[in-house]
Structure formats: structure tokens, C-alpha cells
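Here the protein sequences line up with chains C and U, keeping their order. Our numbering puts the first residue of the first sequence at 1, with every later residue one more than the last. Our numbering puts the first residue of the second sequence at 499, with every later residue one more than the last.
Please keep in mind that the hints were generated in silico from the structure rather than gathered at the bench. Hints may be right or wrong, so weigh each one.
Unchecked claim - Pairs of lysine to aspartate or glutamate, EDC-like flavour, derived with a Cα cap of 16 Å:
no. : chain 1 : residue 1 : chain 2 : residue 2
1   : C       : LYS226    : C       : ASP386
2   : C       : LYS32     : C       : GLU18
3   : U       : LYS593    : C       : GLU236
4   : C       : LYS32     : C       : ASP281
5   : U       : LYS526    : U       : GLU571
6   : C       : LYS226    : C       : ASP241
7   : U       : LYS602    : U       : GLU650
8   : C       : LYS5      : C       : GLU23
9   : C       : LYS449    : U       : GLU643
10  : C       : LYS449    : C       : ASP253
11  : C       : LYS449    : U       : ASP568
12  : C       : LYS449    : U       : GLU627
As the structure is a prediction and not an experimental result, all values here were calculated from the model.
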Amino acid sequence: MPWYKQAYDWVERRVQLEGFVKESAEHPVPSKTASWWYVFGSASFVLLLLQIVTGILLALVYVPSAGSAWSSLQVLNHQLPLGWFLRGMHGWGSNFMVAVVLIHMCQVFLFGAYKFPRELTWILGVFLLLMTLGMAFTGQVLRFDQDAYWGLGIGASIMSRVPFIGRQLVEFMLGGPIIAGATLSRFFTLHVFVIPATMLAFASLHVWLVLKLGINEWPTPGRLVKRETYIQEYNELTHKDGVPFFSGAIWKDAMFSAGIVLAVAVCALLLGPIGPTGVPDPTIVQTVPKPDFFFLWIYSALAFLPPSIETPVMLIAPVIGIIVMLVLPFVAGLGEKSWYRRPVAVLLVVVLAAGFATLTHLGTYVPWSPQMDGWSADPVPVHFVDQTKPLERQGAIVFQQKQCRNCHQMGGLGGRRGPSLDDVATRLTEDQLVRQVTQGGGNMPAYGKTLSPAQVTALVAFLETLHPSNQPVAIDASRHVAETNNPAPKEPVEAIRP
Amino acid sequence: MNPEPNQAFTKVARDGEATVSRRRFLLKVSIAINALVAAAIATPVIGYLLGPIRKRGAYNSWIALGQVSDYHEGETVLATYRNPHTDAWDGDTGKVACYVRREKGNTFTVFAVNCAHLGCPVRWFPQSELFMCPCHGGVYYSNGERAAGPPERGLFTYDYHVVGGKLMINAGQMPTLANEAKLVKGILPCPGTSKPTIG
Numbered sequence: 001m002p003w004y005k006q007a008y009d010w011v012e013r014r015v016q017l018e019g020f021v022k023e024s025a026e027h028p029v030p031s032k033t034a035s036w037w038y039v040f041g042s043a044s045f046v047l048l049l050l051q052i053v054t055g056i057l058l059a060l061v062y063v064p065s066a067g068s069a070w071s072s073l074q075v076l077n078h079q080l081p082l083g084w085f086l087r088g089m090h091g092w093g094s095n096f097m098v099a100v101v102l103i104h105m106c107q108v109f110l111f112g113a114y115k116f117p118r119e120l121t122w123i124l125g126v127f128l129l130l131m132t133l134g135m136a137f138t139g140q141v142l143r144f145d146q147d148a149y150w151g152l153g154i155g156a157s158i159m160s161r162v163p164f165i166g167r168q169l170v171e172f173m174l175g176g177p178i179i180a181g182a183t184l185s186r187f188f189t190l191h192v193f194v195i196p197a198t199m200l201a202f203a204s205l206h207v208w209l210v211l212k213l214g215i216n217e218w219p220t221p222g223r224l225v226k227r228e229t230y231i232q233e234y235n236e237l238t239h240k241d242g243v244p245f246f247s248g249a250i251w252k253d254a255m256f257s258a259g260i261v262l263a264v265a266v267c268a269l270l271l272g273p274i275g276p277t278g279v280p281d282p283t284i285v286q287t288v289p290k291p292d293f294f295f296l297w298i299y300s301a302l303a304f305l306p307p308s309i310e311t312p313v314m315l316i317a318p319v320i321g322i323i324v325m326l327v328l329p330f331v332a333g334l335g336e337k338s339w340y341r342r343p344v345a346v347l348l349v350v351v352l353a354a355g356f357a358t359l360t361h362l363g364t365y366v367p368w369s370p371q372m373d374g375w376s377a378d379p380v381p382v383h384f385v386d387q388t389k390p391l392e393r394q395g396a397i398v399f400q401q402k403q404c405r406n407c408h409q410m411g412g413l414g415g416r417r418g419p420s421l422d423d424v425a426t427r428l429t430e431d432q433l434v435r436q437v438t439q440g441g442g443n444m445p446a447y448g449k450t451l452s453p454a455q456v457t458a459l460v461a462f463l464e465t466l467h468p469s470n471q472p473v474a475i476d477a478s479r480h481v482a483e484t485n486n487p488a489p490k491e492p493v494e495a496i497r498p
Numbered sequence: 499m500n501p502e503p504n505q506a507f508t509k510v511a512r513d514g515e516a517t518v519s520r521r522r523f524l525l526k527v528s529i530a531i532n533a534l535v536a537a538a539i540a541t542p543v544i545g546y547l548l549g550p551i552r553k554r555g556a557y558n559s560w561i562a563l564g565q566v567s568d569y570h571e572g573e574t575v576l577a578t579y580r581n582p583h584t585d586a587w588d589g590d591t592g593k594v595a596c597y598v599r600r601e602k603g604n605t606f607t608v609f610a611v612n613c614a615h616l617g618c619p620v621r622w623f624p625q626s627e628l629f630m631c632p633c634h635g636g637v638y639y640s641n642g643e644r645a646a647g648p649p650e651r652g653l654f655t656y657d658y659h660v661v662g663g664k665l666m667i668n669a670g671q672m673p674t675l676a677n678e679a680k681l682v683k684g685i686l687p688c689p690g691t692s693k694p695t696i697g
């Protein structure tokens with residue numbers, strides 16, 4: 001007997017795991033489930049392991065201290081061989097993990113896999129999803145750059161809206177009065193000890209349930225889940241038309257996982273590590289904080305919530321969402337599994353996916369925010385000031401200098417908070433422009449106090465030139481009539497202001 | 499009956515319940531003792547966990563922001579200070595910024611940089627005399643009143659006083675809706691309208 005076989009036998013006589021492993025590996029699965037649709041769960045687990053391994057490697061260098069975390073990431077990025085690559089693997093691994101977990105969830109939902117008797121598997125899965133998102137958020141905090149710092153500020157501000165105990169929750173979350181060292185230590189503890197340990201335990205139990213209850217069979221329209229007969233039917237199915245998991249199905253899981261890990265590595269190689277952005281110095285207010293990709297939809301939602309319902313929605317909607325996911329297998333745990341017979345389920349996935357995608361897309365270019373450097377970075381296009389009078393050019397300078405550009409686009413450049421002004425003269429008359437500039441309204445600040453009458457005159461004169469050559473400017477017809485019948489003395493614009 | 503996946507286990511458990519013995523009693527006692535010991539040790543530890551939570555205003559103290567003469571009348575500038583409660587390892591995060599506006603003489607307004615909506619750092623634009631927030635589009639006038647965007651109120655302000663030519667502010671904690679230095683009640687009307695239309 002070769003030495004390795006002897007060694008194997010020596011260990012096996014003591015641990016006695018061979019029988020269990022063999023039984024688990026060779027348990028029959030319905031032949032139709034040996035499908036490419038069933039690979040996302042195992043890929044999620046592989047990504048979890050990848051995150052643990054790369055995370056441990058990063059922890060060898062990372063310093064969880066508010067004063068040094070950012071510099072230690074610079075060392076990883078620029079000084080240690082392959083430090084940048086490991087950061088890339090961990091960062092992109094995180095993105096892939098959130099994506100694969102979400103796909104896994106959609107697949108499980110659409111295939112009715114959460115139904116009897118797999119309710120608990122689903123519930124553990126809901127917690128695993130929440131913990132995956134929790135890891136993504138705490139991981140973003142550990143990057144401890146400006147985005148992380150102000151992201152924590154947003155978190156604390158949301159917490160502060162909780163009635164009665166808001167202040168206490170903020171202090172508990174931050175570990176003190178401000179976002180600082182204690183805050184980072186807390187999130188480090190969550191990211192490195194608390195959540196991963198819980199995740200491993202939950203994921204193991206999740207997999208154990210899949211082994212014990214069997215993988216969900218391929219849904220057939222008309223075959224209903226009934227408490228009385230389901231388990232017997234499933235056992236018959238796996239024995240009549242089953243294949244051993246090893247190696248009837250596992251090769252697809254293995255191939256997909258390899259592909260995913262490779263994709264993570266390619267992203268890390270080509271796109272590099274994610275961040276860090278600027279140093280976490282709260283006195284640097286010249287910053288435009290933004291959350292990571294998978295939280296952009298929340299960022300967008302927070303911009304669109306009407307203030308009157310903002311706080312209740314922020315605090316209650318997540319709770320309702322989680323409760324709905326948790327009770328789902330108890331209210332819809334029986335009956336039809338096939339998506340052909342579950343139009344509401346399909347519609348729900350489509351609507352939610354479209355909603356999240358739209359909000360995420362909006363989050364990539366934040367049309368609701370002033371573009372902070374619009375006034376200094378985007379020049380007034382030459383053709384807008386070509387052939388204009390001195391007064392109008394002076395108006396263009398006022399336009400630029402008073403940060404109008406931060407909210408108004410011109411020639412496709414500038415902020416998008418307000419409307420583009422390329423053809424504003426066709427929409428507003430001179431009087432309306434004066435009123436809008438001085439009094440504001442419709443979510444525009446009033447500039448009456450910060451612009452001199454001369455500046456208003458120049459600005460409005462410039463805005464009056466903004467119209468396509470084939471379209472006339474908007475005029476107040478009544479004023480025209482009044483002027484022709486009883487011409488008013490030619491006065492500068494500021495003279496007719498109230 | 500619902501045939502649950504694993505009936506064998508429930509059967510064994512029921513058999514076990516039938517036997518009442520000294521051993522069983524001692525097992526229960528040992529569980530109770532363990533629970534007591536655990537509670538006795540863990541309860542004070544909750545105090546450790548909740549340590550950062552202090553009484554309202556307990557983190558605040560008076561902080562000097564330099565001489566009154568450092569600030570020019572009618573100007574708004576960014577001032578920075580080291581938070582009174584800070585650890586050696588806080589690095590730059592132990593610093594705090596605020597906007598100081600010297601109205602006239604010894605009259606000041608000291609604004610927090612944190613937007614009243616969700617705490618992002620607002621930026622002061624002296625040309626248009628507006629504070630703009632980069633996150634969700636909150637805009638405030640030079641006196642801190644809400645001008646546009648999602649905030650429900652004006653900027654947070656700190657209490658201040660002038661002692662011996664020095665500007666002092668009462669600060670020490672990140673301002674949020676739960677602990678703002680000074681509460682501004684009510685929602686300001688949108689410019690150009692009489693009703694408070696916000697959003």
C-alpha cells in the first residue's frame with residue numbers, strides 16, 4: 001500500500017468522515033436540476049471563501065486606525081508587490097458577490113425554491129443577503145476615504161431621525177461624538193469578526209439544508225406543492241429521474257465558479273483596486289461623496305423622497321422590505337412553482353429590477369445635485385457669446401461667476417439640477433426672467449440680494465440671446481400692445497422692478 | 499398531519515421527556531447556574547458596549563475659534579478646530595470644520611458644515627452667497643436659511659460667545675437632527691411662494 005493511502009486510512013479511522021462526505025457528494029439530484037441555472041448558490045459560496053482569503057491577506061497590512069488606515073491602503077496600492085492586485089480582488093470580489101447573490105435570489109424566487117419544505121433555507125438566504133450588503137457597506141467604510149467618511153455621516157444622519165433614541169443610536173453607531181477612530185474600530189470589528197463569522201455559520205446551515213432537503217426540482221407548470229405529498233413526490237423524482245450530484249451536476253458549479261473567480265481577477269488586473277479617494281479629513285469640504293455602486297440606488301432614493309414622508313420612509317421601508325422577504329415562504333409556500341403560472345412573481349422581479357436599475361443609473365450622474373465646479377470648469381460655449389453686445393457678454397460673465405452654471409447646463413455642460421438654458425429665451429419673457437432670477441422659486445434660490453440691478457440687467461440681456469436662430473424669443477404680448485398704444489419711456493430693466 | 503421532513507428526531511425527543519430522574523434535575527440546575535453566571539458577567543458588559551452614549555450635551559464644550567479680529571465683517575469663512583473629545587489615533591478625523599460668518603461687530607453666526615438633510619459637507623460660494631450640498635442638492639442662503647433642495651430646515655448653527663476678543667463656540671458633537679445645537683422650528687416657504695412647498 002502506498003504511503004499516502006496509509007496516511008489517509010490512518011486519519012479516516014479516526015475522523016470517520018468518508019461515509020458522510022461520500023453520501024453527501026453522491027446524493028441524487030433531479031436530472032433537470034443539473035442545469036446552468038443552478039450554479040449561482042455555489043458561486044456565492046466560492047466568492048465568500050475568496051473574500052475571506054483575500055481579506056485575511058489584506059489584514060496583514062491594513063491598519064484599522066483612523067489616522068493610518070488611508071496611508072496603509074496607499075502602501076498596499078503602491079508599495080507592496082501585488083498589494084494593489086489583492087485590493088482589486090477583494091473590491092471586485094465584493095461587487096461580484098453582491099451581484100451573484102442577487103441573481104441567486106432572483107433565480108430561487110422565480111423557480112419557487114422557497115416553498116415548502118425549504119422555507120428556512122430561504123430565510124437563512126435573506127439574512128445572508130443582508131449580511132452580504134452589510135459586508136459591502138462596512139468594507140466601504142474600511143476604505144476610510146472621503147466617501148467612507150461622509151457615507152458614515154449619511155448613516156448617522158439617518159439614524160438621528162429615529163424617534164426618541166436617535167441621538168443615542170448615533171453615539172452608539174459612531175462610538176463617540178464624531179466620526180473618528182472609534183467609528184472605524186467598530187466597523188472593523190463588524191467587517192472582520194462579527195459579520196463574517198455569522199455569515200459562515202449561516203451559509204453552512206444554508207448548504208446543510210440544501211443537502212438534507214434536496215435541491216429544488218425544475219418547476220413544471222401544473223405540478224403543485226402540497227404538504228401531504230411533496231416530500232414523497234420529490235423522493236420518487238430523484239430516484240426515478242435522478243443523477244448523483246457528484247459528478248452529474250457538480251462540474252457545472254465548478255466551471256462557473258472558476259469562471260467567476262477568473263472574472264474577478266481580470267477586473268482586478270484591468271480595472272485595479274477601488275479607491276481610496278481623498279484623505280478622510282473633514283475640513284476638506286471640496287468633496288463630492290458618493291457611495292459604492294451597489295448603494296447608489298439608496299443614494300438616489302434619498303434625493304427623490306419628498307421631505308414630508310422622508311423620515312418614515314427611510315426608517316420603515318427597509319423594515320417592511322425585510323419582513324416581506326421573511327414571511328414570503330409562509331404566505332406563498334405552497335402551490336405553483338413554475339414562473340409560467342406565477343405572473344405576479346415575474347412582474348415583481350421585473351419591476352424591482354427596473355426600479356433599482358433606474359435609481360442606480362441616476363445615481364451615476366446625480367442630476368439632482370449642483371455640479372460644484374460647473375461655474376469654474378465648464379466654459380460658456382463660444383457660439384453663445386459670438387456676435388453679442390458688451391452688455392450681453394457682461395451677462396455671460398455674471399452667469400458664470402454667480403455659479404448659475406452649477407445647476408444649469410449650457411451647450412450640454414454644467415449641472416442638471418435646473419433646466420438647461422440653451423433656449424431659455426423661447427420659454428420665458430424678459431420680465432419672467434427678471435422675476436425668476438431675483439425671486440427664485442420652483443426650487444431655485446432667489447438671487448435678488450446677491451445680484452446688483454446692473455448685474456440682473458446684464459444677466460437677463462444675456463439670457464435673452466439664448467434661443468435657436470429659427471425660433472423667436474418669448475414676448476409678453478400685452479406689454480407689446482400697451483407699448484404701441486401708449487409707449488412707455490425707455491427705461492432700464494431694474495427701474496421696473498418693484 | 500403534516501409529514502415534516504424528519505420525524506425520527508421528534509420521536510426520540512419525546513421518549514427522553516418521559517424519564518424524570520435525579521440526573522435530569524441536575525442537568526436543569528447546571529443550565530440554570532450557567533445562565534446565572536452568564537447574565538452576571540454579561541450584564542455589566544452591556545454598559546461597556548453602550549459606553550459612548552452620554553447625556554445630551556455631555557460631549558460639548560466651549561472651543562476657541564481665534565480672535566474676533568481674524569474675521570471680517572460680512573464674510574463667511576471656513577474655520578477648523580480639533581474636537582474636544584478625540585483619541586490620539588483619530589488622525590485628521592479628529593478635526594472639525596465650521597463656517598463662521600461675522601455679521602457686524604461681535605455678532606456672529608457659526609454654521610455646521612453638515613447639511614441638515616443627511617450630513618454631507620456643504621460648500622460656501624461667496625460669489626453667489628450660497629451654501630451648496632454635493633449629495634442631494636440642498637442649497638442654503640448666506641444666513642443659513644434653506645433656499646432649495648430636500649433639507650427641511652436651515653443649516654445647523656452653534657451657540658457662540660465672545661470673551662476677551664475671542665470667539666468661542668459650544669461644540670463637540672457631529673450635528674444631526676437629533677442633537678442640533680439650535681433648533682429652527684417650522685419649514686421655510688420656498689422663495690417666490692407663500693406656502694412651504696418643499697421637494
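Problem - Agreement of C/LYS449 and U/GLU643 with the hint, judged by alpha carbon distance not exceeding 16 Å - result: holds, 13 Å
Practice task
Would you mind confirming whether the straight-line C-alpha gap from C/LYS449 to U/ASP568 stays at or under 16 Å?
Solution key: violated, 26 Å
Problem - Straight-line alpha-carbon gap C/LYS226 to C/ASP386, limit 16 Å - result: Violated, at about 77 Å.
Practice task
Measure nothing beyond the straight line between the CA atoms of C/LYS449 and U/GLU627; if it is 16 Å or shorter, mark the hint as holding.
Solution key: holds, 9 Å
Practice task
Compare the distance between the alpha carbons of C/LYS5 and C/GLU23 with 16 Å, and conclude whether the hinted pair is satisfied.
Solution key: violated, 21 Å
Handout entry: U/LYS526 paired with U/GLU571 [C-alpha distance capped at 16 Å]
Key = violated, 76 Å
Exercise for the section: Would you check the hint for U/LYS602 and U/GLU650, treating anything up to 16 Å between C-alpha atoms as holding? Expected result: violated, 28 Å
Handout entry: Restraint status (C-alpha distance of C/LYS226 to C/ASP241 at most 16 Å)
Key = Since the Cα atoms of C/LYS226 and C/ASP241 sit roughly 20 Å apart, the hinted pair is violated (cutoff 16 Å).
Handout entry: Pairwise hint evaluation, C/ASP281 against C/LYS32, where the allowed Cα distance is 16 Å at most
Key = violated, 56 Å
Problem - Proposed proximity, C/GLU18 with C/LYS32 (alpha carbon, max 16 Å) - result: violated, 28 Å
Problem - Hinted pair C/LYS449 and C/ASP253, Cα distance within 16 Å - result: Not OK: C/LYS449 and C/ASP253 at ~67 Å, beyond 16 Å, violated.
Handout entry: Hinted pair U/LYS593 and C/GLU236, Cα distance within 16 Å
Key = Cα-Cα ~68 Å, so violated.
Going through the hint list in order, the structure does not satisfy hints 1, 2, 3, 4, 5, 6, 7, 8, 10, 11.
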